[in-house]
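Engineer: Here's the letter readout for the chains.
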Amino acid sequence: MLTPLHRILAPAAIALAALAGAPDEARAQTPPGVLIVAQIAEPKSLDPHAVTAVNDFRILMNLYDGLVRYRSGTLEVEPALAESWEIGADGTVYTFTLREGVTFHDGSAFDAEAVVFNFQRMLDEEHPFHDTGPFPLSFFFSAVDAVEALDPRTVRFTLSEPYAPFLSNLAYPTGLIVSPAAVAEHGADFGRNPSGTGAFRFAEWRANERVVVERNPDYWGGAPSLEAVVFRPITDGNTRVAEMLSGGVDLMVEVPPDAVAQFEDGASFTMHEQVGPHLWFLILNVKEGPTADQRVRQAINYAIDKRALVENVLQGTAEVAAGPIAPAFAWAYNDDLEPYPHDPERARALIEEAGFAGADLTFYVTEGGSGMLDPIAMGTAIQADLQGVGLNVEIETYEWNTFLGRVNPGLEGKAHMAEMAWMTNDPDTLPFLALRTDAFPDKGGFNSGYYSNPEVDALLEAARRSTDRDERARLYRQMQEIVVEDAPWAFIANWKQNAVTSARVEGFRLEPSFFLLLDGVTKN
Amino acid sequence: MWGYIGKRLLATIPILIGLSIIVFSMMALIPGDPATAILGAYATPENVARLNQQLGLDRSLPEQYLTWAGNLLQGDMGRSYALNRPVSDEVSERFGATLILAGAALVLCSVFGLLAGVVAAVRQFGWTDRIVTFVVLIGISMPSFWLGLLMIVLFAVQLRWLPASGMYAVYGGGGLADLLRHLAMPAVTLAVVATGVIARLTRTAMLEILRQDYIRTARAKGLPERRVIYRHAFKAALVTVIPVIGIQAGFVLGGAVYIETVFQWPGIGRMLVNAISTRDLLLVQGGVLVVAASYVFFNLLADVAQTLLDPRLRT
Numbered sequence: 001m002l003t004p005l006h007r008i009l010a011p012a013a014i015a016l017a018a019l020a021g022a023p024d025e026a027r028a029q030t031p032p033g034v035l036i037v038a039q040i041a042e043p044k045s046l047d048p049h050a051v052t053a054v055n056d057f058r059i060l061m062n063l064y065d066g067l068v069r070y071r072s073g074t075l076e077v078e079p080a081l082a083e084s085w086e087i088g089a090d091g092t093v094y095t096f097t098l099r100e101g102v103t104f105h106d107g108s109a110f111d112a113e114a115v116v117f118n119f120q121r122m123l124d125e126e127h128p129f130h131d132t133g134p135f136p137l138s139f140f141f142s143a144v145d146a147v148e149a150l151d152p153r154t155v156r157f158t159l160s161e162p163y164a165p166f167l168s169n170l171a172y173p174t175g176l177i178v179s180p181a182a183v184a185e186h187g188a189d190f191g192r193n194p195s196g197t198g199a200f201r202f203a204e205w206r207a208n209e210r211v212v213v214e215r216n217p218d219y220w221g222g223a224p225s226l227e228a229v230v231f232r233p234i235t236d237g238n239t240r241v242a243e244m245l246s247g248g249v250d251l252m253v254e255v256p257p258d259a260v261a262q263f264e265d266g267a268s269f270t271m272h273e274q275v276g277p278h279l280w281f282l283i284l285n286v287k288e289g290p291t292a293d294q295r296v297r298q299a300i301n302y303a304i305d306k307r308a309l310v311e312n313v314l315q316g317t318a319e320v321a322a323g324p325i326a327p328a329f330a331w332a333y334n335d336d337l338e339p340y341p342h343d344p345e346r347a348r349a350l351i352e353e354a355g356f357a358g359a360d361l362t363f364y365v366t367e368g369g370s371g372m373l374d375p376i377a378m379g380t381a382i383q384a385d386l387q388g389v390g391l392n393v394e395i396e397t398y399e400w401n402t403f404l405g406r407v408n409p410g411l412e413g414k415a416h417m418a419e420m421a422w423m424t425n426d427p428d429t430l431p432f433l434a435l436r437t438d439a440f441p442d443k444g445g446f447n448s449g450y451y452s453n454p455e456v457d458a459l460l461e462a463a464r465r466s467t468d469r470d471e472r473a474r475l476y477r478q479m480q481e482i483v484v485e486d487a488p489w490a491f492i493a494n495w496k497q498n499a500v501t502s503a504r505v506e507g508f509r510l511e512p513s514f515f516l517l518l519d520g521v522t523k524n
Numbered sequence: 001m002w003g004y005i006g007k008r009l010l011a012t013i014p015i016l017i018g019l020s021i022i023v024f025s026m027m028a029l030i031p032g033d034p035a036t037a038i039l040g041a042y043a044t045p046e047n048v049a050r051l052n053q054q055l056g057l058d059r060s061l062p063e064q065y066l067t068w069a070g071n072l073l074q075g076d077m078g079r080s081y082a083l084n085r086p087v088s089d090e091v092s093e094r095f096g097a098t099l100i101l102a103g104a105a106l107v108l109c110s111v112f113g114l115l116a117g118v119v120a121a122v123r124q125f126g127w128t129d130r131i132v133t134f135v136v137l138i139g140i141s142m143p144s145f146w147l148g149l150l151m152i153v154l155f156a157v158q159l160r161w162l163p164a165s166g167m168y169a170v171y172g173g174g175g176l177a178d179l180l181r182h183l184a185m186p187a188v189t190l191a192v193v194a195t196g197v198i199a200r201l202t203r204t205a206m207l208e209i210l211r212q213d214y215i216r217t218a219r220a221k222g223l224p225e226r227r228v229i230y231r232h233a234f235k236a237a238l239v240t241v242i243p244v245i246g247i248q249a250g251f252v253l254g255g256a257v258y259i260e261t262v263f264q265w266p267g268i269g270r271m272l273v274n275a276i277s278t279r280d281l282l283l284v285q286g287g288v289l290v291v292a293a294s295y296v297f298f299n300l301l302a303d304v305a306q307t308l309l310d311p312r313l314r315t
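Here the protein sequences come in this chain order: S and R.
Position one of the first sequence corresponds to residue 1 (the numbering used here), numbered consecutively onward.
Position one of the second sequence corresponds to residue 1 (the numbering used here), numbered consecutively onward.
For reference, chain R alone in the conformation it holds in the complex (with noise of 0.2 Å):
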């Protein structure tokens, strides 16, 4: 187990050098430059050629390129040109906010996605199911930034219960209550789409499940049926559901971008479009170098948990 773990580790270090020359040279190809966005209008050659070369630009592509790697080397990410500061201080502060966003989003998801799932399962054509599976509809077709905005206008704007946008109170906040606040509508708003697809797919997976003989014979022997869907049943759908629960982690980490604007949560999804916009180059690094490493992270963790669970994988 651990061999294997630490294998899958060191498979990520090529990955993620490739991706950095990757989005290196993508940055490079992309018309524009950080002098010329930081100028605006004001961008001549002249004042371009002068800020460049303050900034370190003017030298050659794989000799900025190295210089980056050897300093990632010794743990200094740079410093980002648009924001004046560390990009490791701007990276960890914002994929903070992430992480506990699309954790709360993950757990949300998880939680009710296999619950759901397994409900509409067992009652398969009932109302139940059926309610269920027209909610779960509704939820993967509802484009997630429009469903934020209408919870925005009820339950901020109407009924206010809930702060609008934010990660804290901006005056004389702070703390787990006002954390949970804000976090309420982003999490459940982030979460809606990938409940919709655990669920679906841990009501098929249950599906097959409830049909195979060693259910019918779990039933035969007499045992009670909560007994026969939780532990016989369930047990084998989470190891189809589970390595979903991994790609839908990466996908909810995607999707913050747009909950991020849509809620202004400081996370590094907002970071990485206004990074890119700005040219920020290093910033851009960072921060993609950051998020790659925990996609890689989580489906790793599906994998692991997925062989723990099957003990057909376990050799």
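Bound conformation, chain S alone (with noise of 0.2 Å):
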């Protein structure tokens, strides 16, 4: 929807706004106690099991609580309205005691029937209210065969077999649990009225203006400080710009890159930065070309400028990465990795050594979506590198559904190289899914490139099937190494979530699960 002069102007009119310096008086605008934050767009739904955008995800960590969740500032598991929890010997029996005493929204009470139905509502066909979704990210819990209450306070899920990444998908939004008693009522209508156990209980929801949820006194962790929080979908990036300079919001988030540089100076603002969980990385195509050659592939990893693409066309909003797994995952990373360091010297020596000098290559760009940042200018760049180490890369523009439809069925008589990038709440969950064998395109799985090492494939497996997770840690650390050597992929950047507070706001900080968690914020 943007034009080319659109992406010039727009930027421009900002900087003009910046240049001249906003006022201070009139920044009172929004009342005490009341946050308003300034999102992308609107939601979908305000039912947990029913949506997929990090957007929505953003409102509903707010209004339910999950099983567990991730500890302030890591992505690491810790008990939420579980206490407790055992693991079965051999991974696939997890025992799970309840916190008492807590209620939901609605004033029904939370048990082990409630979690029990929550699953049930996802997982079983039969279930009477299976049919109040679709449910698509039910396949986080795919391995569960059965759940169980055995007494008001335990719960247990029986797993069809050993799966590491259980407890971490309970810790996503798509594990959060909701109020039976309020889906019975509203149906499939449930996602505007939501009830849930969380520190925010839901208001008002004013199609394409604003949600308000207001502070639920009898949070179990605790009455937050804020009175409400007003949610407003603003999808333009300038506007979100103009409505923080313009004190109309307290909150942004996704701050354009452009925009940046002018919170980071002035008492008015707090800007706020925190690397994810995120991979930006260019699929190759191992299967035919010359992208099947492991020197070109290598060579592809020296010869592109990372770090200018994440200093100038990301303007800093993402770091360089350095393999498959990002550093989010601190206790799965391996600190040992170094990034490719741009070396178009030795690119250039690898090209011809495989004696593919002058070859041509089709590289797929998107022009937009979930994570990619911004694809044309980076894809637009990475030609330009692969260039001048002596590869003709022919760029094939696709609009973003169009690109996964072309991409996902696999790169095969297609292209060599393609754009992509993944959002994940576990190690396991990408490297999993787009590296093993048994992940290519015909076997269901995101492999596009075909990328196939018997070693690696075993890593992952036994990586998912421990419960212990140095061990699993020592398997992802492996594997990582045994990737990157084998560059099936170019691994260019990890994004950094950024927001903006205005200097009212006090206690807010980001989370690496991108989530935006306010239970301790406060307004003055």
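Hints are computed from structural coordinates only; laboratory data are not their basis.
Quantities reported herein were computed from a predicted structural model and do not represent experimental measurements.
Warning: the hint list may mix true and false statements.
[What the hints assert, rightly or not] Looking from chain R toward chain S, a few residues come up when the C-beta cut is under 7 Å (computed): (1) Pro31; (2) Thr44; (3) Glu46; (4) Gln54.
[Unchecked claim] So these bits of chain S aren't anywhere near chain R, every CB distance computed over 10 Å: (5) Phe129; (6) Asp218; (7) Ser225; (8) Ala384.
[To be verified] Stretch-level coverage of chain R by chain S, calculated; a stretch enters the list once three of its residues show a Cβ under 8 Å from a Cβ in chain S: (9) 149-155; (10) 263-269.
Glycine included, each C-beta is placed from N, C-alpha and C at the ideal position.
Assemble the dimeric complex from its two separately framed chains, guided by the hints.
Structural biologist: Now the structure itself:
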């Protein structure tokens, strides 16, 4: 929708505002105790089991709790609605002990039956409320064979096979617990009449204008200090910036790279940044063409000036990636990995050695899409870098949905490279779904470049079956080393989520999960 | 007259049916589907197939179309996949917001366009004429989203007189005064281009008419100049200008897409853009149908007004 003219003029207008310097006196436009948050879009639904977008998760995490959650500042799991849990020896039986005395916002009690209801609604097609879906991410729990209430405070999950990411999937919004009574009352409209156990309860949703949530005075974790939070959908990045500058909102997420600088200096705003579990990479076609040669794939990794990409194109809103697992998964990340250095000489030598100097490559680029950052500008810069080492790259650009329709079925016969980005909640997810032999597109996975290394397959299978975190970490670190050497992808960037708060907001921090948690925030 | 209106209304039915078939086929032809859009990176063939089945998209296209058309006849526009709510609720809320915005813009551009055109024509080659012509040229040439952003920078960020975006104050707002405060900038921005077009056209039409014999006769009769201009010349010029206002109404509705994005106006233009990118077929169908129907309606209105004003067309 953005015309080239728009892209040039819009940031210019906002820059003008910054040059002139915003006056401070009118900052008190919004009432104290009420936090106005600028979101990037209207939520689809407030039913956590029905949505897939980070934008929606930002609201949901404040309305609901899961059995477990990520410990603040990490992607490690800690108790929430479950006080504790035990994992059976073979890793297929999880028994949770639930917190006592918790009630949903509608007054009904939270107990083991409620947990059972939540998972059966998603997973059991015969469940009376399965038709209140669809539940697009229910496959997060496809390993669950049975979920039973042993007594009001104990719930037992039986998995069909050991599945280590199960706990972190429970901490994901798809694992949040909704009120069975509210689902029964509202049916398919539950998503507009949500009820959970969270720090805030739902107050109002005026379509395309605002979603209001208010303090839950009975919150089991202690009532939040904010009286209410208003989420406003503002799709245009420049308008979000203008609202922030004019004092119409207190917190905005996803600051456009061009606008970051104007919030960084000055006492009126605080800029927040946090690298997330995100990876931006190029899928290389390992099956055919020049990219079938490991030397060419390594050369591509050497040739791309990743530092220039994150600093110039992305204006510092990302960091250079080193391998297939994002550093945000601190416990599983291999700190010894170094990103491929920018070394055009070495790249050229490798390409010549492989006999592919002057080879033609087809490169799929998308116009936009979830987590894709600035894909056209990045694609063009990459094309220029590769041109510089003797590869003729031809770009084919597609709109996001069309792009997925071409890339997901596999690149064979179509392209040698394709842009891609993933945001996940467990180190297992991306490599398991996109790097294994059993994840080839014809087997229902996302390994669109046909990378196949039995050693990697074995490591990933073993890591998924192990319930010992240190053991998993060891396996993932080994896997990362092999994959970086094999170079089935070009590893480019890890996105930093950013947000701006006004000087009136205190106690806010971004989480590596990219969720927006507001129960500790105050506003004067 | 009524027969004419009736015939014109009947003629819109095949137009709307044809349009709905075209939109339906186009949405089917463009690659990508709602399930892929919803699942994003998780769109494995298996997950897509499962979701398509849940959404009822695994049936044949004609079957889907006929189901949709059958439900429409009973007043049911279906349910949006992406928003998980009835299409009719979403479309009516959004269209209401767009009508308020486009209506305000249309009033502004008609009043100021006509006024500027008449003044410029009466003072042809004078300073007023030059200034009006110059301003009109700038108005027509300036991209409206850019003008919108500049206005936000000036009136919202710098002066803080008006809110930067939205339709009502986000907390504790509501009421007509609040609406008008939010409406001011987007309506003016949206009206600028149309005002220029109408002003230019009015000026040309007026100049032509002021040279006609009957105007000279009217002046010769000793009628006051005001009366000559407004009763005789302006009324005749309206016959030329009114159909253009009708067409501008269509452009204003279309231009609302950009303005709605810049000012976060919760209108139907922005809804359609989102619906297309999420491949939300039923929402696109419903939205396009309503916009097309209103476009046809505005043109009809302009034609009727022209017939009423021009005795030669009244038979």
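Engineer: Report the numbers of all earlier hints that the structure fails to satisfy, in ascending order.
Structural biologist: none
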